Amino acid sequence: MKFRLKNLLNYALGCIKRYKLRTIVVLVCLTMAATLFSSVLFIKDGLVREGQLSLKYAPDLTVQGIATGRQSYIETRYIDLIQRILGVEKVVERIWGYGNIGNTLLVIIGVDLEDPNINLDADYPIESGSFLDPQRNDTVVLGKAVAELIGAKVGNLLTIITESNQARQYTVIGIFNSESSIVNADTILMTKDSARAFFNVPEGKATDLMVFTQEVNPAYYQTQTSFVAREISELPNLRVLTKDLLASAQETTYGARSGFFSIVWYLILISVAIVAFNQTVVVGHESRFEIGLLKALGFSTSDIIQIRLTEGTVLGFLAGSAGIVLGVFYNAVLNAPVLKDVMLGWATLYPAFPVPFMVSAQSIFLTYAITVIPVLFATVIPSWINATVDPDIAMRGARA
Amino acid sequence: MIQTENLTKIYNRGKQNEVQAVIDANITANDGEITVFVGPSGCGKTTLMSMIGQLLSPSKGRVLVDNEDISAYSDGWKAVFRRENMGFIFQHINLLPNLSAIDNVIMPLLCHDVDVERFRKPALELLQDLGLGDRSSFSVEELSGGEQQRVAVARALITEPRIVVADEPLTFIDAASAKTITDFFVKLRNEGRTILISTHVHNLAKLADKTFSMQHGRIASNTS
Chain A
1 MKFRLKNLLN YALGCIKRYK LRTIVVLVCL TMAATLFSSV LFIKDGLVRE
51 GQLSLKYAPD LTVQGIATGR QSYIETRYID LIQRILGVEK VVERIWGYGN
101 IGNTLLVIIG VDLEDPNINL DADYPIESGS FLDPQRNDTV VLGKAVAELI
151 GAKVGNLLTI ITESNQARQY TVIGIFNSES SIVNADTILM TKDSARAFFN
201 VPEGKATDLM VFTQEVNPAY YQTQTSFVAR EISELPNLRV LTKDLLASAQ
251 ETTYGARSGF FSIVWYLILI SVAIVAFNQT VVVGHESRFE IGLLKALGFS
301 TSDIIQIRLT EGTVLGFLAG SAGIVLGVFY NAVLNAPVLK DVMLGWATLY
351 PAFPVPFMVS AQSIFLTYAI TVIPVLFATV IPSWINATVD PDIAMRGARA
Chain B
1 MIQTENLTKI YNRGKQNEVQ AVIDANITAN DGEITVFVGP SGCGKTTLMS
51 MIGQLLSPSK GRVLVDNEDI SAYSDGWKAV FRRENMGFIF QHINLLPNLS
101 AIDNVIMPLL CHDVDVERFR KPALELLQDL GLGDRSSFSV EELSGGEQQR
151 VAVARALITE PRIVVADEPL TFIDAASAKT ITDFFVKLRN EGRTILISTH
201 VHNLAKLADK TFSMQHGRIA SNTS
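Chains A and B, in that order, give the protein sequences. Just so we're aligned: the first sequence equals residues 1 to 400 in our numbering. Just so we're aligned: the second sequence equals residues 1 to 224 in our numbering.
The hints are simulated quantities; they were obtained by calculation from the structure and are not laboratory data. As the structure is a computational prediction, the values presented were derived from the model and not from experiment.
EDC-like, lysine to aspartate or glutamate: derived pairs with alpha carbons at most 16 angstroms apart: (1) B:179 <-> B:129; (2) A:90 <-> A:114; (3) A:90 <-> A:80; (4) A:144 <-> A:127; (5) A:56 <-> A:123; (6) A:6 <-> B:113; (7) A:2 <-> B:113; (8) A:6 <-> B:117; (9) A:6 <-> B:115; (10) B:187 <-> B:129; (11) B:206 <-> B:183; (12) A:56 <-> A:244; (13) A:340 <-> A:50; (14) A:2 <-> B:117; (15) A:2 <-> B:115; (16) A:205 <-> A:80; (17) A:90 <-> A:215; (18) B:206 <-> B:33.
Could you build the full structure based on these sequences and the hints that come with them?
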């Protein structure tokens, strides 16, 4: 059987070269579809990863103040009240918001340098310069992509416009390089006091509170968090956001967008299947004649299906591989034009940053699966139909 | 020995365009003989040859080879039978385009468990015997009709079949090629193979050990 299998494989590969038109049409259409599909998947995976990174050091609960039904500053007196709830480990006030540099809106975070639990090395690993000096309230540390965007270097002076249109100057004393490309691209760190002054947040108030729950067996984490969230909700004028809620909001936003593209992709896929089917059945008189001839020469139906399976698999893998390579090129080198706007939104104020993408084994498997299966469907089924009729009928039909 | 019993083929049975292509054909073809089927165009020769070669299922009747009913075989076993025992030369030549002459010749070997590369030399020798030694690497589209038919003959013989079915093998070819092929049939007969030929070419009919004359789908007469 060794030689027989080899002969059939060689013949199948020869068919790919021999039916040039069919091969080119199928490869071009399927590669285009696979490129689009893999690009969307890679960006979606990248965004999910970004989401996971942003949640990695996020508190178990975020508590916001509510006034007239809208988010407002939260009073820091709530810290003590929340701290008393069973299961709460720690409550930390946070001051943050948005500031303008040029036309770009950036996130400004006030860092509490005295908080012994803050993990600066992990969250904001410094690439050049140093971290914030608690003695100096006129310094900032920039994300790497922010620094590149505005052309800032350590030691430069930076002017940021406040909400009340006041220009404030800071010295860049460090640049950090986070795992998260979004954090790198939109974050400016300053001391908590600087941030309070910048945003004009009154003493006794904060942007929000971070609530960390006590460590429990992971099986009880959800129960404990829900309990604490419910207890906090009992307090007046507060809104509680859980880590899961933030994660699902992110997943819904980007998942829905990639879902939209999946529909577009499926339409392309169906077109490809029709083209391939058309090539095989309608245009494929040559193929029908060949099947009849092969059977006349002693090939069995299973031999013919094996040949077509090999052809289809090779074509599908070629298209899938080309699609994956082009998808990576499209995202990494071209920075995903068009798709980026669709996947990330059209906000012009949002800072430019490299499209977050990740090539996961699951995406690669999925891309291959949906490039190989339609081609198999389009090549094997018509071949099987032709191979089950008498060789004479197949050859005569092809000549007719 | 090949025998047929009441072999019948009806196309489009029960429809307005029903055609009774072959009706109750009973023939016997012995080993080491050339059996020729003659008759006008459309008399059912090709259909009969296809049924004998298991390329077409009969509407009725049986094909027996050495007293074994091969028409009762499953599709898969028919393929095996053709692979192991038969070589076909088709009226329409039926070579695969975009392949060289020698690649067409070795095609039937691809479904055998053999190293086809080892058969390139015998294939080349066959082509040389048929006067195509210098054309073996030519694409079949570059060959004349007569040369293509000789490639088809070589393809039918590469597996050394014991039964050769040749349907109008001299239809599209010149006199020189016809003589080469005719001589080859004589050689095959001398090797003890069973040869079935359908033809309207008088020279070829002269080779016959047995001749069946067909008319309107029926065997009108036979002569030995």
